[in-house]
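Chemist: Taking this note's numbering, the leading residue of the sequence shown gets 1, the next gets one more, and so forth.
Everything labelled a hint here was simulated from the structure, so no lab data went into it. Please note that the accuracy of each hint is not assured.
Claimed, not checked - Derived DSS-like pairs (lysine-lysine); straight-line CA-CA distance at most 27 angstroms:
#1 Lys118 x Lys10
#2 Lys10 x Lys158
#3 Lys3 x Lys53
#4 Lys118 x Lys53
#5 Lys13 x Lys158
#6 Lys13 x Lys3
#7 Lys120 x Lys53
Unchecked claim - Pair ranges (Cβ atoms, derived):
#8 Leu122 x Phe54: 19 to 25 angstroms
#9 Asp41 x Arg7: 52 to 58 angstroms
#10 Phe54 x Leu143: 21 to 27 angstroms
#11 Leu125 x Trp82: 44 to 50 angstroms
#12 Ala129 x Phe93: 28 to 34 angstroms
#13 Phe83 x Met43: 48 to 54 angstroms
Because the structure is a prediction, the values reported are computed rather than measured. Glycine included, C-beta positions come from ideal geometry on N, C-alpha and C.
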Amino acid sequence: MRKMSARGQKWLKSFHVFFNCLWVGAAFSLTLGQFFLRASDGMELYGATLTMKFIDDFVIIPGALGSLLTGLVYSIWTNWGWFKHRWIAVKWFINVAGVLFGTFFLGPWLNSLSPLAKEKGLAALSDPAFVQNRTYLLVFGTLQMLTIIFAAFISILKPWKKAKRTAG
Numbered sequence: 001m002r003k004m005s006a007r008g009q010k011w012l013k014s015f016h017v018f019f020n021c022l023w024v025g026a027a028f029s030l031t032l033g034q035f036f037l038r039a040s041d042g043m044e045l046y047g048a049t050l051t052m053k054f055i056d057d058f059v060i061i062p063g064a065l066g067s068l069l070t071g072l073v074y075s076i077w078t079n080w081g082w083f084k085h086r087w088i089a090v091k092w093f094i095n096v097a098g099v100l101f102g103t104f105f106l107g108p109w110l111n112s113l114s115p116l117a118k119e120k121g122l123a124a125l126s127d128p129a130f131v132q133n134r135t136y137l138l139v140f141g142t143l144q145m146l147t148i149i150f151a152a153f154i155s156i157l158k159p160w161k162k163a164k165r166t167a168g
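Sequences are here, hints too, so could you generate the full structure?
Modeler: What follows is the structure, given as structure tokens:
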């Protein structure tokens, strides 16, 4: 298959870095924000949880999908390949797992908070579903954030040697 030109690769790298910045920055902001969320009334709690949902829908999701798609282009149309280097395989695992975990777990947990806050006000803070989903977001959202930060670091450090090729 034909490979991308050097100029094309620079553009691709720019977009890849941009989408990763969106994903990592928004994940960091959401995680940090959750630790300091102190609503004084129900509408403030509703507004904060709705803002978190907005950040997820319009910053994290495009960042994660953009990262996935630009990584796909990197693997197909450049010499980096899919599994030529161990660090690329690790990044693929982190990216795909992060998108899937965010889609099927983190997103639904986050999306459940604002309707409960709107309906119950500050009483949502003692609602078992709200407390459970918020706790899951704090724990697993923090782990996800740390994992994608790790992926960003290995992109720069490229810590592992080339994967061994088997004869045959």
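Chemist: All hints are to be evaluated individually against the structure, with a verdict given for each.
Modeler: Hints, one by one, checked against the model:
Restraint check for Lys118 and Lys10: the C-alpha separation of about 46 angstroms exceeds 27 angstroms, so the hint is violated. Among the hinted pairs, Lys10 with Lys158 is consistent with the structure: their alpha-carbon atoms are about 18 angstroms apart, no more than 27 angstroms. In summary, the hint linking Lys3 to Lys53 is not supported, as the alpha carbons are separated by about 39 angstroms, beyond the 27 angstroms threshold. With a C-alpha separation of about 13 angstroms, the suggested pairing of Lys118 with Lys53 holds against the 27 angstroms cut-off.
Between Lys13 and Lys158, the direct Cα distance comes to roughly 15 angstroms. Compliance with the 27 angstroms bound is thereby established for this hinted pair. Between Lys13 and Lys3, the direct Cα distance comes to roughly 14 angstroms. Compliance with the 27 angstroms bound is thereby established for this hinted pair. Of the pairs offered as hints, the one joining Lys120 and Lys53 holds, with about 18 angstroms between alpha carbons and a cut-off of 27 angstroms not exceeded. Our hint of 19 to 25 angstroms for Leu122 and Phe54 holds, since their Cβ atoms are close to 21 angstroms apart.
Evaluation of the 52 to 58 angstroms hint for Asp41 and Arg7 yields a pass: the beta carbon distance comes to about 54 angstroms. Look at Phe54 against Leu143: about 23 angstroms separates their beta carbons, and that is inside 21 to 27 angstroms. A hinted range of 44 to 50 angstroms for the beta carbons of Leu125 and Trp82 is consistent with their spacing of about 46 angstroms. Judged by the Cβ atoms, the range 28 to 34 angstroms given for Ala129 and Phe93 holds: they are separated by roughly 31 angstroms.
At roughly 50 angstroms, the beta carbons of Phe83 and Met43 sit within the given window of 48 to 54 angstroms.
Violation of the numbered hints given earlier is confined to hints 1, 3; the remaining hints are satisfied by the structure.
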